[in-house]
Structures are given as C-alpha cells and as structure tokens.
Amino acid sequence: MDQQHWKALKEKDDEKALKYFYDQYIKLLYKYGYHFCQDAALVEDCVQDLFLRIWEKRRTLGDTDNVKLYLMVALKRSIFEKIKKGSKVSTDEQIEDTFDVTFTMEESIISSETDQINKDKLLKTLETLSGRQKEVIYLRFYNGFTPEEVSEVMNISNQSVRNLQASALKKMRNNMGDGINLVLLGFFIENFY
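Residues in the sequence shown are numbered from 1 upward in steps of one, following full-length UniProt numbering.
Since no wrong hints were added, every one of them can be taken at face value.
Straight-line Cα separation of at most 20 Å, SDA-like style, residue types lysine to any residue; simulated pairs: (1) Lys85 to Arg53; (2) Lys84 to Ala41; (3) Lys7 to Gly62; (4) Lys7 to Trp55; (5) Lys68 to Glu15; (6) Lys31 to Asp49; (7) Lys68 to Phe141; (8) Lys68 to Ile26; (9) Lys10 to Gly62; (10) Lys31 to Leu69; (11) Lys68 to Ala8; (12) Lys7 to Arg59; (13) Lys12 to Met1; (14) Lys16 to Met1; (15) Lys85 to Ala40.
Each pair of labels, with its calculated beta carbon distance range: (16) Lys57 to Gln4: 16 to 24 Å; (17) Gln3 to Glu56: 19 to 27 Å; (18) Thr60 to Lys124: 43 to 51 Å; (19) Leu123 to Glu148: 25 to 33 Å.
No lab work stands behind these hints, which were simulated from the structure alone.
Every residue gets a Cβ at the ideal spot worked out from N, C-alpha and C, and that includes glycine.
Construct the entire structure; sequences and hints are all you get.
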C-alpha cells in the first residue's frame, strides 16, 4: 500500500498520499527522533521539515521499497545536521552514540517474583548497552528491520550491524544467563520505548 501512495504522491501530486504517510508514521518518527535528541522542539522541527521537503521535492523523489525506512533515514540525517550546526560535535559517530533509551519500570507488568527479578536484570542489562547497541536492538526487535535495513538507517555496514547485535546479545546473555527470552525482550522494548 505504501508504494501506491508513494507513486501517487510523486506522479499525481496527491496531498492525500502525503497525509497518509504523515498519519501512518508521525508517532514512530517522533519516538525515533527523541532517541537521538531530547530537544522536543528540534525533533518536531525536523519531522515537519521532512514532510515539507518531501512535498516540495515530490516530483524528483526516487522510488523506494520501504517508505518507513526511507523516512527514518531522512529524519536521522536531518537531526544530525541540525545538531552539528548547533554544537561543536566533531564526528557523526559521536552524535550517533547519543541514541538513548531510558527503560523505566513505572508499571508492574510481571507479577511473579522470579519474573520480576528477570525483568529487573533485563532492564539493568539494557541500560549497560552502548547507544549504538541500543539502536540496533531497537531497530531489529521493535521495528522488525532486517540487518540490511538497520545498516541503511544507521549508515554502517551489514557486518557492523551483526557485530553490534551479537555483542549486545552476548552482554545480555552474560548478565541474564542462557535463558534470555527474546520474546520477553521484545515485550519490554515495545513497552519501554
């Protein structure tokens, strides 16, 4: 369905297609943007600018198989550009390592003591991951992206994605034991991001 709307946007100047993408992805984009920058106004500006640029350049947009991926990559680049302009950060890698997720335990999701202990261990373990490891875990398990798609979003090689994922899961396994449950991980990521 995304490809039909993308084509209508590009070829027919269809404002409804732009609105479709806005409605479909706005929450995801804000949420994703906040992981890189906790300045809500900056993230909001970048998201709004993204949709404005898409509309203005609709006739020259390339084809894409994955609009969600396209939007996330474009937003990330936009945020990094604005952060670079406003700070003295010297490299993209320093900016990229700012991906942050705070895992909170506001709700009691798991009732049994054993599960609660595992939950606490998992949350503490997730907090020890680097920003790039958190981003890989987020994109792979929350968004369901393939390693190739993650490499495109993060602008790193497929092998780097696999290495970051492996090191993150190894760290988690070491802290959690061999019984780390990726379904549980996905549940927590979904509820705490």
